[in-house]
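Asks: The chain contents come next:
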Amino acid sequence: MNTIYLIPLFPFLAFLFNNLLRKRLPKFVSSFVGSIAVLISFGISAMVFNAVGSPQFQLFETSYFNLFSFDNYTIDFGYRIDQLTSVLILAVTGIGFLIQIFSGPFMNGESKERFAIFSAFLNLLITSMLLFVMGSNLMVMFFGWAGMSLATFFLMGFKKNDNNTKSATKLFLLNLAGDMALLLGIIWILTDYHTLSVSKLFYGGNALFLTLTPSEGFLTGVSILFLFSALIKSAQFPFFFWVSETVTSPVPATALIQSVTVVSAGAILLIRCSLLFSLSPTMLTFTAAIGSITLILGALIALNQNDIKKLLAFSTVSQLGFVFIGIGVGAFSQALLFAIIHAVSKTLLILSAGIFVQVSGRTKDIRKSGTIFRKLKAGFIPFLAGCVALGCIPPFSGFIAINEILNAAFAKNIFIYLISISGLILTVAYLIRIVALFFKGGNEKEIEIRYNANSSSTIVMTFFILAILALSIGWINIPEVIKPGTNYFSSFLEPVLSVSEKFVKTKSKNVGEEKILLLISAIIVLASVIFSWFYFRKQKGQEKKSRFSTLLNNAFYANRIWDAFVLRPVKKTSQFFEKTIDLKIIEGSVNGVGKAVIYSSRQFRLLQSGQLGSYVLLMVLGTVLFFVIYLFVLQ
Amino acid sequence: MEIKWYIFLGITLFVTGIAGVLTRRNSIIVLMSVELMLNSVNLILVAFSKMHLSDRKNAFVVNVAMDGQSFAFFIMVVGAVEVCIGLAIILMYFRNTRSVDINFLNRLKN
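The listed protein sequences derive, respectively, from chains A and B. Take the first sequence: its position 556, counted from the start at 1, is 556 in the working numbering, and no numbers get skipped. Take the second sequence: its position 59, counted from the start at 1, is 59 in the working numbering, and no numbers get skipped.
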């Protein structure tokens, strides 16, 4: 337990090592260092998890050094290990390690310098996420939060061209706005509560939020700031377009961003600060509403995409909608479980889609080259497994997690339940559509096979582990209606989440009702699988382009709307400030002083005529003026 | 005699000097006008000194009043020196240009 500081340290050292020595290291060394560092962290995390699981576990908090102190606040740099942290560090380092070893053979085409940089920034992203997850106070969490924005920026701009740089910058600025909102919220908490310690604020029977009940304005303000920040990080409704722009980064980076780090971080922030949100029910309902909107929009857009990376990106958006619904209805542990299942299966899907992209000669179009991909068993079977896990097919993991969220939604609000059910149908539909298109194939003659994915045993091994995990991880939390006492995950997290869950639980559990709900969702999923399979198999290759599908294909023109309503006004304002305030007023006044001196000296220079008479006259006039002032004005 | 008459005379002499400096072009006359101004100041200094010396009760005032007279001597010495130098400069100019026109000096700029 005393070695926990090594968990974020090792990936960070690997980041420094690979980044500083990038010109010297051969590829296998940077790949080895990059992945072994995460593996060591994973080992330590496993030990920590083991220790946390033992019955005599006490909450473990460390404080290494003083970050800053002023007045009577001191903020330390330290880590906190509780049940939530132990689960998350295991997930982050585990998936991070698998992605690191996957990127070894996958990114083989890059030069050794670029390869080392790539490996380094993957490690930076992992470090930031670990820092965020493990931080014992909000300031340390904020460091991780902002570090993720930075690492995402570097990874998105990895392939250098103008377009990438532009979208990476745009995303970075957007994330920065979220970071600032979070920082404002943190400062607000600091001014009102004089501490940022997570334990003191949120946990235990005498948590400060319980004993010193916050005022209505404070609660609303802070939770809006936190929620705003989380919505940006998790790509929820008004900001959902940015995930589709991460497809410009290489596949392993996309997988890491969209699975366990950046997009999950928003949800994890809300779960970490769940007490804050539980105290204001309106904010929880609002979160669920945002989640519902995102769920439906993301799924509809995904249904109409043909670019596989974009499709998976919008699928991420819509799945995160489920997580936010889960948080909104108060099923925190189930939402977290769903986020982890989504992370594993989305990693699997994106990585195997990366194989597809390499195979199909970088067309990314799922209507083409399905047959070739189908022949590549090492890529295709993991893809199917990911679809099964993510598509909530009973009895695999996705179904188990989603069922609990649906139950909680049903108990809370029937509208959210109905929206979730339709979101589930849409999710199944777009996943089945990919598979159906793959089976239908396309005109493969245009496409040359570039890469033989079967050959790399590392990739096959990665896929195997991920597929097993994706399918089975849900079984750690079998619902009580099937077999009592097997919801290990929820009961494991109970010490952390019980404080806030007390506020949101409204109805007591009704076993009969839950059985019916379980049956309903199972039937709905299976029915929509069968229906969409036959629908998309029968569909002709060139579907008629209706106006609505064009709209969906372009993701509701969200990018353009965003440009028109947010970016352009901001740009106009900053141009106004640049042109008018900065150039005219500030620079004008600075330059104006100089100009005035030059002008007036040019006028005064005329006095230096060089004529004796005028000098004498001036002297006399000066004397007279002096006398006049002395005798008449000053008297 | 009242002090005001001395002051009137001093002012008259001073203004005459200024007018001479400003209007005349002959440099010797300009020099003379400068001397006139110096002497008008001298006159006023001595007049005030005399006025204060008549009030013998205050030792401090007497002391200060004596300064006026010593200043007058200084100014005479300075004036004499100035005339020496001025006349020497004028003489040099006269040797070069065969005139004593003050406008010859309108080249102070360069």
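No wet-lab data here; the hints were simulated from the structure. Just so it is clear, CB atoms sit at the ideal spot from N, CA and C, and this is done for glycine as well. Don't take every hint at face value.
Each pair of labels, with its calculated beta carbon distance range [to be verified]:
1) A:Gln608 x B:Val62: 39 to 49 Å
2) B:Phe104 x A:Asp582: 30 to 40 Å
3) A:Leu583 x B:Arg24: 52 to 62 Å
Away from chain B, derived, C-beta distances all over 10 Å, residues of chain A [what the hints assert, rightly or not]:
4) Ile36
5) Ile293
6) Lys440
7) Ser472
8) Lys538
9) Val616
10) Leu631
Asks: Now tell me if each hint is right for this structure.
Replies: Hints, verified against the model:
no.: 1; hint: A:Gln608 x B:Val62: 39 to 49 Å; in the structure: 47 Å, holds
no.: 2; hint: B:Phe104 x A:Asp582: 30 to 40 Å; in the structure: 56 Å, violated
no.: 3; hint: A:Leu583 x B:Arg24: 52 to 62 Å; in the structure: 57 Å, holds
no.: 4; hint: Ile36; in the structure: 82 Å, holds
no.: 5; hint: Ile293; in the structure: 82 Å, holds
no.: 6; hint: Lys440; in the structure: 96 Å, holds
no.: 7; hint: Ser472; in the structure: 99 Å, holds
no.: 8; hint: Lys538; in the structure: 101 Å, holds
no.: 9; hint: Val616; in the structure: 6 Å, violated
no.: 10; hint: Leu631; in the structure: 13 Å, holds
Against the hints set out earlier in the document, violations occur for numbers 2, 9.
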